[in-house]
Amino acid sequence: MVGARPCPVNRNPWICRLGSQPIRLAPGAIDVRAFQLHGADVTILILFAAAVVLLLIGAWQRERWLRHKRQVLTEILDLADALERELLECRARLREIPALAASLSPSEQLSARATLAAEPQVQDALRDLLAHRLWLKDHAADASIGELTSARDALVATRTSLNAQLARLANVRADFEQTVRPPR
Numbered sequence: 018m019v020g021a022r023p024c025p026v027n028r029n030p031w032i033c034r035l036g037s038q039p040i041r042l043a044p045g046a047i048d049v050r051a052f053q054l055h056g057a058d059v060t061i062l063i064l065f066a067a068a069v070v071l072l073l074i075g076a077w078q079r080e081r082w083l084r085h086k087r088q089v090l091t092e093i094l095d096l097a098d099a100l101e102r103e104l105l106e107c108r109a110r111l112r113e114i115p116a117l118a119a120s121l122s123p124s125e126q127l128s129a130r131a132t133l134a135a136e137p138q139v140q141d142a143l144r145d146l147l148a149h150r151l152w153l154k155d156h157a158a159d160a161s162i163g164e165l166t167s168a169r170d171a172l173v174a175t176r177t178s179l180n181a182q183l184a185r186l187a188n189v190r191a192d193f194e195q196t197v198r199p200p201r
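Per this note's numbering: the sequence shown = residues 18 to 201.
Hints are computed from structural coordinates only; laboratory data are not their basis.
This one's a predicted model, so the numbers in the text were calculated from it and none came from an experiment.
Honestly, I wouldn't trust all of these hints.
[Stated by the list, open to error] SDA-like, lysine to any residue: derived pairs with alpha carbons at most 25 Å apart:
no.: 1; residue 1: Lys154; residue 2: Arg102
no.: 2; residue 1: Lys86; residue 2: Phe65
no.: 3; residue 1: Lys86; residue 2: Ala67
no.: 4; residue 1: Lys86; residue 2: Glu106
[Said to hold, decoys possible] Each pair of labels, with its calculated beta carbon distance range:
no.: 5; residue 1: Gln182; residue 2: Ala158; range: 52 to 62 Å
no.: 6; residue 1: Ala99; residue 2: Gly163; range: 45 to 55 Å
no.: 7; residue 1: Thr166; residue 2: Glu194; range: 51 to 61 Å
no.: 8; residue 1: Leu62; residue 2: Ala158; range: 15 to 25 Å
no.: 9; residue 1: Gly163; residue 2: Asp58; range: 40 to 50 Å
no.: 10; residue 1: Arg185; residue 2: Arg79; range: 23 to 33 Å
no.: 11; residue 1: Leu147; residue 2: Arg79; range: 26 to 36 Å
Quick reminder that beta carbons are idealized off the backbone N, C-alpha and C, glycines included.
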């Protein structure tokens with residue numbers, strides 16, 4: 018380059034960029050020209066800033082995904098606990114029916130005993146619930162949100178069905194109690 022002087026070896030390269038003459042500043046003053054960025058420096062700074070922004074966005078998305086997964090797992094476990102309580106309550110109610118039916122006529126006792134046929138289904142449901150809990154224990158970390166959401170939806174559907182059966186069971190029990198003790 019015409020007019021360019023090589024920078025001495027022991028001198029600050031920033032000063033060489035600013036010119037070959039050292040700059041004399043007042044004590045405590047900062048030379049702003051020493052911090053000027055050139056084309057390549059600006060490009061590197063922009064790329065670095067973009068990489069930091071992308072990393073922050075990625076970390077935020079991952080945290081959001083993990084929070085959603087934790088929320089779905091919590092919902093599944095809460096639903097499983099509620100379903101287990103309802104299944105145990107259903108089994109207890111089914112076991113009370115024969116005692117209520119003891120004072121009924123033989124044909125009515127037969128229909129009361131028919132309700133006991135539902136108890137193995139309750140036991141199967143409890144076994145299935147245990148199997149689901151064990152699956153969650155083993156695969157919750159690897160399961161996708163779609164799999165966890167479908168498991169949650171299945172528990173909701175089972176609870177809805179069980180609540181309808183518990184309501185029918187309550188009606189049967191009320192009918193038995195009314196038959197045993199007619200209203201006054």
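Hints the structure fails to honour: 2, 3, 4, 5, 6, 7, 8 and 10
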